[in-house]
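Enquirer: One-letter residues, chain by chain:
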Amino acid sequence: MTKSMRKLVASAAGLGTAAFLAGCAKDAPQDTWQPKGSNAQKIDDLQKPVFAIAGVIGLIVIAVVTYVIFRYRDRGQPIPEQTHGKPALEIGMTILPALILTGVGVFTFRTVFDLAKTSDTEMIINVTGQQWWWEYDYPVQEEFGITEPIISSGQLVMPVGTKVLLRETSRDVIHSYWIPALNGKRDAVPGRVHTLRLDADKPGIYAGQCTEFCGLSHANMRMEAVALSKEDFAAWVQNQLKPAATPADGTLAKEGEAVFLNQCVRCHQVNGLLKADGTPAIAAPDENVYSGAAPNLTHLMSRNTFAGATWDLLKKECRDNVWKATPEEFGKKYLAGVSEDCLNQIDLRRWLRNAPEMKPMYADPTKLEPTNGLYRGMPNLGLTEDDIDKLVAYLVTLK
Amino acid sequence: MFTPGSKYFLGLAGFSTAFMIAYIVVVDQWDGGATALAAIACAAGLLAGLSLFNRDGEVKVGDTSAAANAAPLGASLWPLIATVGVVLLAVGLITHEIVFLLGLVAIAASFIEWVVQSWSESASSDTAFNNEARGRLLHPLEFPVLAAVGLGIIIVSFSRIMLAVSRDVGAITFIVVSSAVLFVGSVFALKPNMKKTLVAGICTIGAVGIIAGGIAGASNGKRDELVEAKEEGHYSHKECGPEKNKYFDKNAEKTVSMRSNPIATIELVDGKLQARELGVEGYTQTITVPRANSSTVIFRNKSNEEHRLVLYMGTEQVQEGVTEDILTCTQMIGPDSEQALTFKLNKSSYGQEKPFAFTVPGLEGQSIEAYVP
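Residue numbers (numbering that gives the first Met the number 0), protein chains in the order written: chain A, 0 to 398; chain B, 0 to 372.
Pulled out of the complex, with its shape left as it was, chain B reads as follows (with noise of 0.2 Å):
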């Protein structure tokens, strides 16, 4: 009654139930794994049924000169593979959950593709027609996924080269390899006639090149520029003393998210600090700063030496009785520079001991006072 596909869809059934029972009393909650061992449970389920349905497709019992004449089931690699996935998995559960993702994949793609082969196999007694029927139907899903998980590994090699080189070396690779990919790219387009097994092994030699370079890219690890500017953590400046920070992007002040809109313009000229408000006509040396919502000032140096603009903040106590100023700043920047600082002032004016001033370290005797209402 029940065929061998059917029994195997209903044993899978019944092990994801039974898994699913015993997950939900361990961990006591109804969560993404119980809804994913359900979902199994669900479509083995509907995968029996269908299996039963249809006979697991075999030809007709009774067929004997198909049986007669049915070649061979030939051997397959997936159980190997699958096996290579489940010690993946418990390799992945101790190391690193890429390992486990990876295992989970390997353990996928054998399920489907050992079904499939061993569904095709025995589909007729015909080898060529069993392999188009498991062509038509792993192929829409084998050649999209093949294709970008090699364009993935294309893309992150070629990255581990470009992040490897030094900035000129990696302008000159990418300008080399870009060009000759248009070459190449051209002489195909060209020669329409040319042999499969030329086009083949050019493609192959080409990727196999970059795959190489990849690999030896991120054995030698990122150029040291990349590393120290990491350790440094020039996108968080909280140093507003001397410049410590020697890879600090210069130019990140010129995206218009932050230049968006600021509220003022505080400005280095002459040895004094002044500003000007947004709509306002002038200098002043108070600006208004909406209480808790984040303002953007631009700070433009206008003198010839480098300096960065600091925000005093209030307080805040570190330790009991010991209070420290909260201070934010720009970087320094050179002289004809600007810089953009975002901030939040949350409380407001009234009441503070000190008001909150924007000062030029080295500036003597100059502020602009933020007045939060």
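The following block holds chain A by itself, in its conformation from the complex (with noise of 0.2 Å):
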């Protein structure tokens, strides 16, 4: 063997190995492996065996084209004597293979059908793409009081051992929802209505995100599902009906309002926001972004995430005390939001003083003309640190 073979050899045995010991992180939110519902559970359910039975044919493949290679190599012996067909043979090799496929042909359709039902919804989220973050609304409903329509985004929150069905669309461009500890994935195409069924054994937080290329920041689409006890999602739905807090005057959060008003309500809403006039504050993204949408931020601090998902709203050891709380203590940690000391200031600072250089958005005004100066995202506002500081103060008390 040569140098330079032997260099090869160990390069593909050195990453063969890295791949392999990878499959054994413990730590892997996104993993395909780890099913925590009942949908994730069918998928591997039938993703094991098939993969066992499509690993040993690969093995026996493998092995056997490795001893023909060695052992009929070419070692200047004549050329041996050439047949052709070998029926009872190729019958065989034929009949064989689609006796396998038949069989998880069958218990594959047998899943996918099972994916595909929708009659046995129990609870309804309506999940709207658009570059580059998912917007949740929760349509009315009694059983869970939601007695008024609930909108949110960033991080879909659920109740524990419900059947919900997410009804995906997109406002722009061809998205995909995909959860991997709870289910598969499904495309949120424009104009279009996709179903996908989600349900969570445990309280805990799923990590996703964005698996169809949707552009400059579909890096940076993220998604995570929330799943609650139902008396915790009940608490959580209780305090997502209430309209926004009002700082006291005098205060600097009262201040940040004013920002607020200014310059963030063009695009974002908040409910409950009044103008100096005592009117409602009426958010405009339909004039001012591409997708015609912007999150709503009533209640920013009851989410961990901003952006997309792609930021925590909490620092890193008040996030791992949610992340890490058992089930029992879950939702209770989760329902507390971001307090003033857990939040990271540092991220939400970076991103209120220039947005498109932590995310890109296509945010040059002088490159708008495709979308007749409408921005794909959060532009840079030009806040002065004054301004931030305000903000920031207002936006810590939208809980």
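Among the clues, some could well be false.
Stated by the list, open to error - Keeping only pairs whose Cα atoms sit at most 30 Å apart, straight-line, the calculated DSBU-like set for lysine-lysine is:
#: 1; chain 1: B; residue 1: K343; chain 2: A; residue 2: K241
#: 2; chain 1: B; residue 1: K301; chain 2: A; residue 2: K241
#: 3; chain 1: A; residue 1: K116; chain 2: B; residue 2: K301
#: 4; chain 1: A; residue 1: K366; chain 2: B; residue 2: K346
#: 5; chain 1: B; residue 1: K353; chain 2: A; residue 2: K398
#: 6; chain 1: A; residue 1: K229; chain 2: A; residue 2: K41
Keep in mind the hints are simulated off the structure, nothing from the lab. Since this is a predicted model, take the numbers as computed values, not measurements.
Build the complex: two chains, separate frames, hints provided.
Expert: This is the structure:
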């Protein structure tokens, strides 16, 4: 074996070992082999035997090919007599794979149909994708205490042990919703409504990300599903139904509210926010953003992430405290929201200072001709440090 | 030194370059026009080089026998056609762009044909050889173009006939013409020795008949139904009051695109309006509509009368201090019929004075709220 050949073999072996060991990672929130709900379990129940069968066949094929290569390699011997046709072998080698594929197909189709079922739905959540975040809205569902539609983003909150049906669509391009621990992928397509079943066995946070290339910040379009016990979910619903609290006069947060009214309300809605004349402040994202929507921030601090679930609103230690909580403690810790002490001010301030620097969003005003001057994400608002101080003080009140 | 052909192409290249410079100076930018002129200049320059290289494809100088035996050059119609093309260009500039395009085509065709004809007639002293040389060069271009033009004329003529006659006569015409084509085609196939002139004659008679019918149909105009339907604009039915449209396509709502994935189905049953959302069992009086996103609902009329579904989408200011409701609606649809309604609500329901809602005119107290989060 030549030196370069040895290097090649060593590199391939190293890569293979690394890939193999990566499969043993415990802290892998998007691991498809760790189902946390009945739908993901169905996929797991299918994929394990299929992978096992495919693996065994693959090994047999590799072993036979390797044997043939070495056993019959060219050593200068004469070319053996050539034969053509072996009907018994050919028929057998056709029937056997066909039988294996038929067996796999039967179970695959059964799983596909099971995962497409909607008749046992207990709860509906509408999911709308746009560049580059997900919006969740909850239609009125009195049995869950949702007496008025709720709107949120970034984190999908759902009750544990409940068959949730996501109705997905998109406002701009094709996206794909995927929480590996809870189910497979489903495309969100403009003009169409696709359904995806989700349910979670235990309280916790389950991570995912957009899996259909959707433009510049596709990699920054993440999502998290938060499963709460039914009691905790009811508490979350009650909080979401409330309008935003108004900061007390004379506080920094009150000044931040004024900055919000001047700058942010053009796109971001905060329910309950009033203009100086006492009328409701209504956001008009359709006039400013290409997708026609921007996240509703009424209860921003009740979620743990911002900017398409890509950055944490919680400092690392606080976030770890929530993520690593036991199922019994999880709801209480999640519902505590983001306190001033736990707020990840560094990333939030960076975002307010120059959002496109953190997340590419075609924010150059001179290059917006294809969208008629509309932004595809949050532009750099040119806020002063003073404005940012005030805004942070205001945003932290939105719980 | 310079052959006549190369002089011609060099002149064309020079003129194109001059025109290109003038064009850029006048228009003050490099655009499609300048690119086209530059392309002509380059192509003409290349052809000039080729002409110089092969001495215009002339027989060798000094081949006196060839010169002596050469047939006189024939008359050519192409300059005349090119002149007609120039006239069409000028007329097209002040009338219609189609005329202008026809002029361009005539000039381009004349240019190519004339150049090749001139070249081929001087290629040798043998007229048959010259004709064959011309054919080898131009037939691969002429035959497909003439076939496409001929087919295009036949298709346009036939379409004029179909648009002019009534639906019933149209169906009969189609059956008769297609049967005749099938029959004549079968006869041609079964009689391979049929005289070419007979085949050509039959095809010519058929083509002339269709073209004549097309001219007659075009002069007569489209049938009244089509003219009136176009005038009433049945694809943008903005009137949400009594139905004024007579010719709208009642099957349009059955297209796959319209019926794919409606967010809800709204039914009118026993004088009651009720909605069923995708994926939800049972009925509701409020449906959630994604903001700023095209959504479709299906309206199903299960009553005994004609009804339409109307969606209130807010208000717009038409003048200072005057606002009007923004409405969209289905057409009037009969009992046990359904129609899709696609709409886009850009504003949130939050803060709206009056909720977005679906109603059916004439049905008091019944509505389905469209909540936009």
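Enquirer: Each hint should be assessed against the structure and marked as holding or not.
Expert: Here is what the structure says about each hint:
no., hint, result
1, B/K343 to A/K241, "holds, 27 Å"
2, B/K301 to A/K241, "violated, 40 Å"
3, A/K116 to B/K301, "holds, 28 Å"
4, A/K366 to B/K346, "holds, 26 Å"
5, B/K353 to A/K398, "holds, 28 Å"
6, A/K229 to A/K41, "holds, 24 Å"
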